[in-house]
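For the protein sequence lines, the chains are A and B, in the order given. Residue 22 in our numbering sits at position 22 of the first sequence; the count goes up by one each step and never skips. Residue 81 in our numbering sits at position 81 of the second sequence; the count goes up by one each step and never skips.
No lab work stands behind these hints, which were simulated from the structure alone. A hint or two may mislead.
[Stated by the list, open to error] FRET-style restraints, in silico, Cβ to Cβ:
(1) Gly-16(B) <-> Gln-54(A): 44 to 54 Å
(2) Gln-106(B) <-> Pro-8(A): 23 to 33 Å
(3) Glu-17(A) <-> Ser-80(B): 44 to 54 Å
(4) Lys-42(B) <-> Pro-27(A): 38 to 48 Å
(5) Lys-113(B) <-> Pro-39(A): 19 to 29 Å
(6) Arg-16(A) <-> Gly-16(B): 46 to 56 Å
(7) Thr-5(B) <-> Gly-58(A): 16 to 26 Å
(8) Phe-69(A) <-> Ala-53(B): 29 to 39 Å
[What the hints assert, rightly or not] Derived DSSO-like pairs: lysine-lysine, alpha-carbon spacing no greater than 27 Å straight-line:
(9) Lys-49(B) <-> Lys-52(A)
(10) Lys-57(A) <-> Lys-68(B)
(11) Lys-22(A) <-> Lys-42(B)
(12) Lys-42(B) <-> Lys-113(B)
Cβ atoms here follow ideal geometry from the backbone N, Cα and C, with glycine treated the same way.
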Amino acid sequence: AAGVIQSPRHLIKEKRETATLKCYPIPRHDTVYWYQQGPGQDPQFLISFYEKMQSDKGSIPDRFSAQQFSDYHSELNMSSLELGDSALYFCASSRDRGSAFFGQGTRLTVV
Amino acid sequence: AQSVTQLDSHVSVSEGTPVLLRCNYSSSYSPSLFWYVQHPNKGLQLLLKYTSAATLVKGINGFEAEFKKSETSFHLTKPSAHMSDAAEYFCVVSGSSNTGKLIFGQGTTLQVKP
Chain A
1 AAGVIQSPRH
11 LIKEKRETAT
21 LKCYPIPRHD
31 TVYWYQQGPG
41 QDPQFLISFY
51 EKMQSDKGSI
61 PDRFSAQQFS
71 DYHSELNMSS
81 LELGDSALYF
91 CASSRDRGSA
101 FFGQGTRLTV
111 V
Chain B
1 AQSVTQLDSH
11 VSVSEGTPVL
21 LRCNYSSSYS
31 PSLFWYVQHP
41 NKGLQLLLKY
51 TSAATLVKGI
61 NGFEAEFKKS
71 ETSFHLTKPS
81 AHMSDAAEYF
91 CVVSGSSNTG
101 KLIFGQGTTL
111 QVKP
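With the rest of the complex left out, here is chain B (with noise of 0.2 Å):
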């Protein structure tokens, strides 16, 4: 079975400073692998993925994720917050290999202070 461990459930870190969003996972094939971004009363939006090709990922609004299956981490992370980086962000993983179905991690505040 897939699963997703995000190992923060809150982060807070200063405007500017870098952020570091942690997440491992199980999967028992190739998973494809996700980051999701869901602002406050907001629907999700797709940050990045990974789907077997460059094992770093550079995703939307300076993000980006790099894939190491030696440590089954995909950690998400940007060299300098912007206040508007505030949001829950949750590391997800194609459930199945033929339905594309997603499960979430529990999901990580960001906090940024200014």
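Chain A extracted, bound-state conformation (with noise of 0.2 Å):
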């Protein structure tokens, strides 16, 4: 069965770059979640998008954006990237308010 797809997996940035992260829902899913999950840290909810608008925002920095596009994938967009945004970023997608399914995320080392 298809599941959700995340891309890159792996990214290296520098202190102030731009990253741009990618995420593929599971077929006829409606709503797409990021979380950022920190090194020896659970999950934290950034954002989430239900038929491409915005439903929820959690602890998302300012320098962070995000957009459900009409083919349902979604980018996340970190600007000013800093030290501490180096996390592991997962993308979950469900349909009708039903489970969440994640993707393999994406680890993002900020050096």
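With the hints as a guide, dock the two chains, each given alone in a separate frame, to form the complex.
Okay, structure coming up:
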């Protein structure tokens, strides 16, 4: 069965650079979520989209933005990267407020 | 507000013995509760979910959890641990009845000794 696809799997950026993470939800899923998991931490909710509209917002820095496109894929844009942004970024998708299925994550390292 | 507390940050069991990972929740409405597992350097895999149907929920890989409203608990159990069960386990509550965002517990590291 198709799963949530995230790209890239690994990303290394320098401080103050910009990064774009992509997420392709499971087909026919109407909701996409983004989570950030720091080293040894539990995942923290960043933002979600329902039918291409932002539906909820968590502890997402102003330097970050996200959107969901007409084909339902989503992108998380991070600017002015800081060392503390180094983390595993997960995307998840769900349908009809059902269970969320997670991608493998993108490991971002800021140096 | 919704929250979950995992009572043990680390649990160690011997292979073949029962597993108990404890979770308490707080919710202002009837919650949806989940257990996810994360193996090292892997994504999050859904083990099971509770959504107000049966209070005893069976999941994958022999895991199950019981929803106890009176105790506000949702403990995860497995009768016999396997080496492959060693991982990080997260108890999760749906943080919003509208958006479905998930709020994670702090996680419990399960160690399985041979």
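Results of checking the hints against the structure:
no. : hint                                 : in the structure
1   : Gly-16(B) <-> Gln-54(A): 44 to 54 Å  : holds (48 Å)
2   : Gln-106(B) <-> Pro-8(A): 23 to 33 Å  : holds (28 Å)
3   : Glu-17(A) <-> Ser-80(B): 44 to 54 Å  : holds (49 Å)
4   : Lys-42(B) <-> Pro-27(A): 38 to 48 Å  : violated (23 Å)
5   : Lys-113(B) <-> Pro-39(A): 19 to 29 Å : holds (25 Å)
6   : Arg-16(A) <-> Gly-16(B): 46 to 56 Å  : holds (53 Å)
7   : Thr-5(B) <-> Gly-58(A): 16 to 26 Å   : holds (19 Å)
8   : Phe-69(A) <-> Ala-53(B): 29 to 39 Å  : holds (35 Å)
9   : Lys-49(B) <-> Lys-52(A)              : holds (26 Å)
10  : Lys-57(A) <-> Lys-68(B)              : violated (30 Å)
11  : Lys-22(A) <-> Lys-42(B)              : holds (17 Å)
12  : Lys-42(B) <-> Lys-113(B)             : holds (21 Å)
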